[in-house]
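Protein chains: 2
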Amino acid sequence: MSHFESLDPLFHPRSIALAGITTANPEHWTRVFLDALTEIGFERPIYLVNPKGGKIQGHKVYRSLRDIPGTVDYVISTVPAQASPGLVEECDTKGVRAIHFCTAGFSETGEEEGARLEAQLVEASRRKGIRIIGPNCMGIYCPQSRLSFGVGFPQESGHVAFVSQSGGNAGGLVRQAAWRGVRFSKVISYGNACDLNESDFLEYLADDPDTKIIGLYIEGVKDGARFHRALERAAKEKVVVLLKGGITHGGTRAAAGHTGSLAGDEVIWDALCRQFGIIRVYSLEEMADILQTLLFLPIPEGRNVALIGAGGGNSVLIADEFEKKGLIVPQLPQEIIHRIREFSPAAGNILRNPIDYSQTIMETGKLGELVSIVSGWESIDFLIGFLDLSGFASPQPSTSGALSRWADGMFEMIPASSKPIAMVPQLSVVPEDANELMIIAQAFVSSQVPTYMSFAGAANSINLLLTYKESYAGRLKALRV
Amino acid sequence: MSHFESLDPLFHPRSIALAGITTANPEHWTRVFLDALTEIGFERPIYLVNPKGGKIQGHKVYRSLRDIPGTVDYVISTVPAQASPGLVEECDTKGVRAIHFCTAGFSETGEEEGARLEAQLVEASRRKGIRIIGPNCMGIYCPQSRLSFGVGFPQESGHVAFVSQSGGNAGGLVRQAAWRGVRFSKVISYGNACDLNESDFLEYLADDPDTKIIGLYIEGVKDGARFHRALERAAKEKVVVLLKGGITHGGTRAAAGHTGSLAGDEVIWDALCRQFGIIRVYSLEEMADILQTLLFLPIPEGRNVALIGAGGGNSVLIADEFEKKGLIVPQLPQEIIHRIREFSPAAGNILRNPIDYSQTIMETGKLGELVSIVSGWESIDFLIGFLDLSGFASPQPSTSGALSRWADGMFEMIPASSKPIAMVPQLSVVPEDANELMIIAQAFVSSQVPTYMSFAGAANSINLLLTYKESYAGRLKALRV
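Chains as they are written, first to last, in this note's numbering: chain A, 1 to 481; chain B, 1001 to 1481.
Honestly, the hints are just simulated from the structure, not real lab data.
As the structure is a computational prediction, the values presented were derived from the model and not from experiment.
What you were told as hints is all true, and nothing was included just to trick you.
Take a look, some chain A residues computed to stay more than 12 Å from chain B by CB distance:
#1 Glu43
#2 Gly58
#3 Arg66
#4 Pro85
#5 Glu89
#6 Lys236
#7 Leu272
#8 Glu342
On the chain B side, residues computed to face chain A include the following (Cβ under 10 Å):
#9 Thr1103
#10 Gly1110
#11 Gly1152
#12 Gly1171
#13 Leu1173
#14 Gly1245
#15 His1258
#16 Phe1322
#17 Val1329
#18 Arg1352
#19 Gly1457
Don't be surprised by glycine CBs; every beta carbon is placed ideally from N, CA and C.
Given these sequences and hints, build the entire structure.
Given below as structure tokens:
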């Protein structure tokens, strides 16, 4: 049996037991798995287990795994650390293939007792032939098989896998990326990795036909040589994006406390990424940005961009951000300026590149006409529409209707462009604006237009895509099939 | 008469004429000055001028400046560029000291006609002895004299001046910084700077007793040698923060198109900042961050920080961000861990530094107790409370009440800390969370606690403060008097 075949059943359980779910408090954290599985519609048996027995939402709570009629494929455990080794023994009688131990309190505490309990888990599971995910993690989200650990996660499947040592970062990435249109094949939060670890999941995903992009959040690895091989192979089969946690002394110590990981040398990680062709990011937001870019931005031919928005000061700052990242903002030629001037005043507009179209942006049709001319200019490879509320003099652009007219103008740009186009409604840190900008951003996302929340984020992500394309164009081609 | 004395009257006009205000459409951009002056309560005469005459909100609209009874101190002009030189001639008859030309369409267009009109403005104003602010800018906000160009700007005065070539960036900074508690002495948007330029305002502000911090957004300077002297002097008298727009080829060209500026060499700007002790930032958000830091963060003795929040993955990422910026996240000693363990479980908490206090953060009193112990630890100089919604499994932490209980816990930290403390409720880019986080952030700001919207922003700004303090501790002392 191949590695893929041996791990695949974990993602498609025929029945699940939730061991340790609390009966008393519906808001208790142990309830999240029932809530998530119910919401996403897991269609096979879910058994609830708690020594106290009772009922939850009309469903019987078994006092022990042994009391469950029939077999149990997969156990999600929220029992206390002390009771965990005993749970492995119990599972043996029910034909359990894998247990996901959500609970913390093991080796990551740095205390002797936790390390001892984790060693007991490993010993018992090896003896019984049961695989373990965790402990100290959120487990698996696989929309195809209706397996989930987060309320509000998308119902639909996609082609992005995310392997995250941290449960919070796994959920955080799903939520950030999901509203931007990213959908997932498998998301795995694997915590202390006492049995199944990052290499197991990487090897599995390299062979997974449902996965085209693999995102990684890794604090440290269990077996360097094996991970090295797994990463090299995965990077050949899929587009791999890495967020490495614990790249400083403080971060490394935090990683040790979080998942008991040895974080390793930053220089080595950097070299690995260069050697294998792995896209490196430094925050969850950057991870969400690049996933969206890989999925939705048609690949520009080159690095030349036309930036179109409103506001002179914004124009200067966005041009700086793009050129700092190695993108090029070429000068608008006189011939193009003349054509634009035929239907646009010079005063209040700045007909250079960036194009500050303040005076005309809200006039119906004008922005579309501008974009159809500019996108035909042979010196540029892609276009950016930008919006920054700094340019508005009134305190709530939303109430005056100016904001929605501006958004309408930006929507005109999309069909008018003959080249790849993305939008940057820069997220304001002014409270009354943040919500309005998010609504506009969501409308762009719904039209499958790549949408970034900051000038710097857009420039960074598009640079990452183009840098990757310059060496690995072939790997990118497979993404949009 | 000193330079200060000659410019100060511009900030305290005894009467204002709004030349070119539209009578037809109350939402027209030329109305913003009337709206702003009305809102902030300018108490002296405001005369409205438009060749068509008529009335606005019951106030007479004069057909010409000459028709106004009595003298006019200060004119805010929104007349078209072509009519601007004529306006200077008219002003002469009314004793006008200065005209702020808001209108664009001058040298920044790069067209001959615009350059010619701007030269005419300069010639006429020199001949008549009238000073010009602009053209192509928003002019002056001076809450003390009830002068304003933005609806929603704070009524109260403060000690921060901001000199910005861009009107959008001036307004954007005021709005971003204002909600974080920053208040201003004078904000000046000066555009093309055909007469009064950045050096004039810098020289003025260096002597201004109401100003302690000077923020600058500069695209290019008119007279390098004079600016050099003005900057050196200002940096000795005040804390100066610079955002330079146009630091790349593209940004430089954008600056040329925006305010007709020659942006100059990045290397020179960097050297100037080092030489004179100027804090350099690269975005408006960073500018708002550092202004808030300078005003509200008690100056830490050194670079050692304790990071306290919830979420293991977050902890790793925030530790990385702080150490990348040269701050130090020292290891929590056993002695402190033992004291915390007396009232906190090990499972679900991570008692290292960062401290992930997930399991206990919502229990009343516990977070205060934790902070009083940690802030007494001699190896740290300041504390950060952090919050990132990635750690929540449910989709809307706000509805479950978890978010507000968490915020309550963070509020307990403030009085419990014996060392400087700041909060980082990291702004989520997930739509349903952004608004909630802003509400929490506002509550912290209302308590005058420095509040940052990202891990990276907090680390950057505190590093800037400490770097500045390492060379210019004396200049900082004057800030909090």
